[in-house]
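These protein sequence lines are chains Z and F, in that order.
Under this note's numbering, residues 1 to 143 are what the first sequence spells out, in order.
Under this note's numbering, residues 1 to 779 are what the second sequence spells out, in order.
Please note that the accuracy of each hint is not assured.
Which residues of chain F face chain Z? A few of them, derived with a C-beta cut under 10 Å, are [to be verified]:
#1 Asp15
#2 Met207
#3 Glu290
#4 Glu485
#5 Gly487
#6 Ala671
#7 Ser712
#8 Ile713
#9 Arg752
Derived lysine-lysine pairs resembling DSSO-like cross-links, with alpha carbons at most 30 Å apart [unchecked claim]:
#10 F:Lys446 to Z:Lys130
#11 Z:Lys130 to F:Lys661
#12 F:Lys446 to F:Lys661
#13 Z:Lys130 to F:Lys704
No lab work stands behind these hints, which were simulated from the structure alone.
The structure displayed is predicted, hence computed values, not measured ones.
Note that beta-carbon positions come from the ideal geometry of N, C-alpha and C, so glycine has one too.
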Amino acid sequence: MLEVLRDRLKLWSVREGCGVGACGTCTVLIDGRPVSSCLLLATRVAGREVVTVEGISQDGRLHFIQEAFIEQRALQCGYCTPGFILSVKALLEENPDPTEAEVREYLSGNLCRCAGYADILRAVRAAQEKIRSRTTGDQPKKQ
Amino acid sequence: MSDYAVVGHSVYRKDAVQKATGQVLHVGNIEMPGMLHVAVLRSPYPHARIAGIDKARAQALAGVAAVLTGADVAAMPGVDPCFGPAFRDQPILAIDRVLHIGDPVVAVAALDRRLAEDALQLVDIDYEPLPPILDVLEAVKPEAPVLHPKLRPAGTFADLAHVRAGQSSNVCYHFKLRKGDVEKAFAEADRVFEDTFRSPPAQHVPMEPHVTLAYLDENQRINVWSATQTPSYVRTELSAIFGLPMSRIRVRVPYLGGGYGAKLYAKLEPLVTALALVTRRPVRYALTREEEFVTITKHGVVAKLKTAVKDGTITGRKCEVYWDTGAYAEIGPRIVHKSGYTSAGPYRMPNVWIDGYCVYTNKPPAGAFRGFGVPQVIWAYDSQMDIIARALGADPVEFRLRHALDEGEEFATGTPVQAFGLKPSIKQAAEAIEWSKPRPAKRGTKARGKGIAAGVKAVLTPSISGAIVTLSADGSVNILSSTVEMGQGAETMMAQIVAEELGVAFEQVHIVQPDTDITPYDTITAGSRSTYHMGNAVRMAAAKIKTELFAIVASKLEVNPEDLVARGARIYVRGSPERGMRISEAFLAKFGSLGTTLTGEAICQTMAMPMDPETGQSEKCTEYWFPSATAVELEVDTETGQVSILKFFAVGDAGTAINPKHCEQQLLGSAITHLGLTLFEEMVFDEGRLLNGSLLDYQIASVKDMPEDFRSIVVEVPHESGPFGAKGVGETGALTVSAAIANAVEDATGARIRELPLTPEKILRHLSALKPPRPAGKR
Chain Z
1 MLEVLRDRLK
11 LWSVREGCGV
21 GACGTCTVLI
31 DGRPVSSCLL
41 LATRVAGREV
51 VTVEGISQDG
61 RLHFIQEAFI
71 EQRALQCGYC
81 TPGFILSVKA
91 LLEENPDPTE
101 AEVREYLSGN
111 LCRCAGYADI
121 LRAVRAAQEK
131 IRSRTTGDQP
141 KKQ
Chain F
1 MSDYAVVGHS
11 VYRKDAVQKA
21 TGQVLHVGNI
31 EMPGMLHVAV
41 LRSPYPHARI
51 AGIDKARAQA
61 LAGVAAVLTG
71 ADVAAMPGVD
81 PCFGPAFRDQ
91 PILAIDRVLH
101 IGDPVVAVAA
111 LDRRLAEDAL
121 QLVDIDYEPL
131 PPILDVLEAV
141 KPEAPVLHPK
151 LRPAGTFADL
161 AHVRAGQSSN
171 VCYHFKLRKG
181 DVEKAFAEAD
191 RVFEDTFRSP
201 PAQHVPMEPH
211 VTLAYLDENQ
221 RINVWSATQT
231 PSYVRTELSA
241 IFGLPMSRIR
251 VRVPYLGGGY
261 GAKLYAKLEP
271 LVTALALVTR
281 RPVRYALTRE
291 EEFVTITKHG
301 VVAKLKTAVK
311 DGTITGRKCE
321 VYWDTGAYAE
331 IGPRIVHKSG
341 YTSAGPYRMP
351 NVWIDGYCVY
361 TNKPPAGAFR
371 GFGVPQVIWA
381 YDSQMDIIAR
391 ALGADPVEFR
401 LRHALDEGEE
411 FATGTPVQAF
421 GLKPSIKQAA
431 EAIEWSKPRP
441 AKRGTKARGK
451 GIAAGVKAVL
461 TPSISGAIVT
471 LSADGSVNIL
481 SSTVEMGQGA
491 ETMMAQIVAE
501 ELGVAFEQVH
511 IVQPDTDITP
521 YDTITAGSRS
531 TYHMGNAVRM
541 AAAKIKTELF
551 AIVASKLEVN
561 PEDLVARGAR
571 IYVRGSPERG
581 MRISEAFLAK
591 FGSLGTTLTG
601 EAICQTMAMP
611 MDPETGQSEK
621 CTEYWFPSAT
631 AVELEVDTET
641 GQVSILKFFA
651 VGDAGTAINP
661 KHCEQQLLGS
671 AITHLGLTLF
681 EEMVFDEGRL
691 LNGSLLDYQI
701 ASVKDMPEDF
711 RSIVVEVPHE
721 SGPFGAKGVG
731 ETGALTVSAA
741 IANAVEDATG
751 ARIRELPLTP
761 EKILRHLSAL
771 KPPRPAGKR
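Sequences are here, hints too, so could you generate the full structure?
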């Protein structure tokens with residue numbers, strides 16, 4: 001799956017970090033669930049929805065989770081960032097108001113060697129806040 | 001907040017949007033027509049003679065463009081088949097013998113990676129295994145076989161001018177420091193403390209493994225795109241290997257998916273270039289994670305410390321430090337030298353003796369790792385500081401403060417320390433962790449403790465950074481610099497400094513990425529040196545342009561150029577903003593044409609006084625120091641040995657923080673990485689074979705390992721010659737983590753562990769050894 005996405009479809013946001021499903025840099029969403037594309041045969045996803053980070057921003061507008069990552073400076077070298085953003089998207093769609101422990105558990109399959117985890121945790125909270133203010137009609141807080 | 005418009009402000013990263021959208025350029029995304037892919041056959045033996053290689057069947061496979069051996073490389077006309085930053089001891093592909101499991105022996109370039117891997121299956125190699133040397137203390141014994149009987153110094157770097165040719169042992173470099181009379185100090189001491197500390201080889205794990213693309217352009221020049229932290233060095237090295245003028249080699253570096261020292265010096269570039277020359281086609285090689293594990297490692301270290309104490313004060317220290325540099329020296333000699341002279345710590349002691357040995361073994365080569373060897377020596381000396389303080393009944397924080405060097409005092413090298421925020425760092429760490437508050441009593445099996453450690457690293461000196469700044473008539477700016485952006489925020493730092501100097505908006509500044517055709521020489525993107533060196537270079541280059549602009553405006557407005565300031569894309573008389581011109585107007589006044597440019601170029605070159613080879617003494621051994629402190633509070637489950645970090649504070653002196661948020665990120669990020677290295681990371685070898693060489697088996701810190709309460713604290717002791725007073729902070733947070741955690745484990749449980757990582761098994765073993773209760777104060 002990873003090879004099809006990169007070599008055939010040129011979706012460069014999907015990256016190989018370990019080849020054994022342990023680091024999360026090749027994460028894609030399949031029917032909304034985060035999956036390590038390095039472990040998956042492409043033929044297994046026939047007829048299912050596959051989303052990479054290229055697919056979450058619309059008309060050049062960033063997705064609100066991407067905005068949260070930028071606003072909270074939750075990226076350094078940026079190699080792990082697309083995988084993290086997709087995992088956060090899946091998490092917040094499953095559970096828009098996760099506890100800190102639930103966030104940590106859900107994101108433990110994505111590794112960041114710059115170890116910017118503090119900023120990533122803040123970005124998740126900022127994204128949660130955006131969902132909350134959206135559902136209550138408030139404007140997101142200016143960062 | 002500073003008085004400056006851009007410097008001292010936490011502006012957002014230049015590269016944030018492209019990284020959040022995944023559209024950032026990495027070498028792995030670059031494709032060329034007809035590009036070939038590489039797979040490499042690697043040695044299954046830690047030490048063996050190559051009796052024969054049969055590659056005929058592999059070569060005959062359709063789609064295979066080249067099957068290369070070390071003998072083929074050596075036969076290429078004008079090619080030096082060996083490379084290395086300190087010694088030319090590493091062959092591009094193994095010649096006659098292999099020196100570690102994973103040593104590259106045969107490389108295939110083929111239409112795709114799978115085909116290349118298939119071809120490797122068809123290569124037959126006949127090995128005659130030889131006895132390996134797998135332990136650093138075995139390797140230094142006189143009877144040990146010598147792995148590199150002849151050594152050629154590389155002569156590339158000024159700071160390595162002292163490494164010598166010739167070899168009669170596996171010690172490829174011996175660092176010596178002698179100050180005072182350490183034996184007299186031991187003889188006169190009330191107490192002498194002797195401890196041996198070990199830290200294991202470990203992995204950098206940049207999420208992007210090494211990747212290099214090489215091709216010949218229409219002029220038949222060698223073009224290389226590589227994920228390297230050293231574009232200038234790679235050009236020099238390729239020029240030396242292939243016997244070509246430097247102008248015939250172009251090295252470009254886009255964004256790196258992390259480096260942490262792994263991507264320094266030459267790695268894949270010599271091999272990929274050789275394959276491009278042989279096939280006359282573009283060739284790209286991306287390491288798998290498993291290959292990454294055997295390509296470069298963090299030095300495993302055995303450090304023996306012996307310390308004399310009289311009247312409660314340290315009077316002397318002897319350090320014997322053995323660095324396992326693996327099969328090839330790589331940058332080991334620089335690490336042993338730079339970390340060597342700090343091995344006794346930033347503490348006042350009249351008598352110091354240091355021996356640092358860089359030692360060959362049959363393991364994968366070890367090189368630079370965030371901290372450049374200093375975390376390993378601080379692990380030793382600041383664990384021992386705690387051991388001594390506790391044995392003397394002294395408070396560990398007070399004991400450190402009492403011994404910590406003050407501004408202007410001489411380091412063990414005889415160099416007076418300058419801009420030395422060590423004491424403030426220790427004090428801030430102690431305050432953050434509420435050191436003086438009593439520990440809570442043990443609850444059930446959970447024992448709580450606090451720990452502090454301090455230490456210092458010195459920047460690589462001498463070194464060089466060149467930069468070119470071009471100001472366009474519309475007030476926008478290009479910076480040409482060979483500093484590599486690998487996540488640390490160097491581009492943002494450079495843009496902030498130049499925007500400040502020229503008085504233009506941060507958004508108006510663009511960084512041209514490293515390209516040896518156009519960006520000037522830079523020693524290295526590493527060692528917390530870029531903010532100081534490249535920051536100074538871009539600032540001086542911008543200042544030259546500013547001088548020209550001021551001259552134009554001064555003559556036009558008939559004012560003194562010394563009264564002018566640049567701010568808000570205008571040049572005006574200080575205090576009278578109405579008396580001035582826009583930058584665009586100044587350009588028009590000088591050139592009369594649109595689209596014109598002014599260019600400034602500058603070089604920041606730092607100098608050191610060479611150390612005496614016998615005593616390690618130097619009036620100036622480094623340009624600046626970065627003091628570090630870590631404070632932790634943790635809980636040890638005495639039934640399982642499990643450590644939970646509750647509070648964690650990374651403290652470091654950055655000089656003036658150009659971008660405070662980025663300084664905090666660097667401190668905390670490097671500290672959290674070292675939290676993983678302290679608690680569980682270790683490359684485990686059995687008979688030279690790596691047992692945990694994949695990310696399934698080798699664990700690094702994840703978000704679940706984040707302490708509940710953490711913070712980084714930036715101490716700002718400005719350096720008089722840093723850009724706006726800045727120093728560097730890329731490694732500072734890493735330096736003192738391991739000792740702080742071990743010190744807290746002893747605080748909690750009484751168990752003193754002298755071997756990293758601090759696994760539950762080790763802690764349990766030490767706890768059971770403590771029963772029956774240890775006699776107070778006995779060592």
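Hints, verified against the model:
1. Asp15: OK, holds: Asp15 (chain F) within 10 Å of chain Z, min 7 Å.
2. Met207: holds, 4 Å
3. Glu290: holds, 8 Å
4. Glu485: holds, 8 Å
5. Gly487: This interface hint holds because 3 Å falls under the 10 Å limit.
6. Ala671: Holds, about 8 Å.
7. Ser712: It holds, given that the least Cβ distance between Ser712 (chain F) and chain Z is near 9 Å, below 10 Å.
8. Ile713: With Cβ-Cβ at 13 Å, over 10 Å, it is violated.
9. Arg752: Nearest chain Z Cβ about 27 Å off; hint violated.
10. F:Lys446 to Z:Lys130: Violated. Lys446 (chain F) to Lys130 (chain Z) sits at ~39 Å, over the 30 Å cutoff.
11. Z:Lys130 to F:Lys661: At roughly 23 Å apart (the allowed maximum being 30 Å), Lys661 (chain F) and Lys130 (chain Z) satisfy the hint.
12. F:Lys446 to F:Lys661: violated, 35 Å
13. Z:Lys130 to F:Lys704: Between Lys130 (chain Z) and Lys704 (chain F) the Cα gap is close to 24 Å, so the pair holds against 30 Å.
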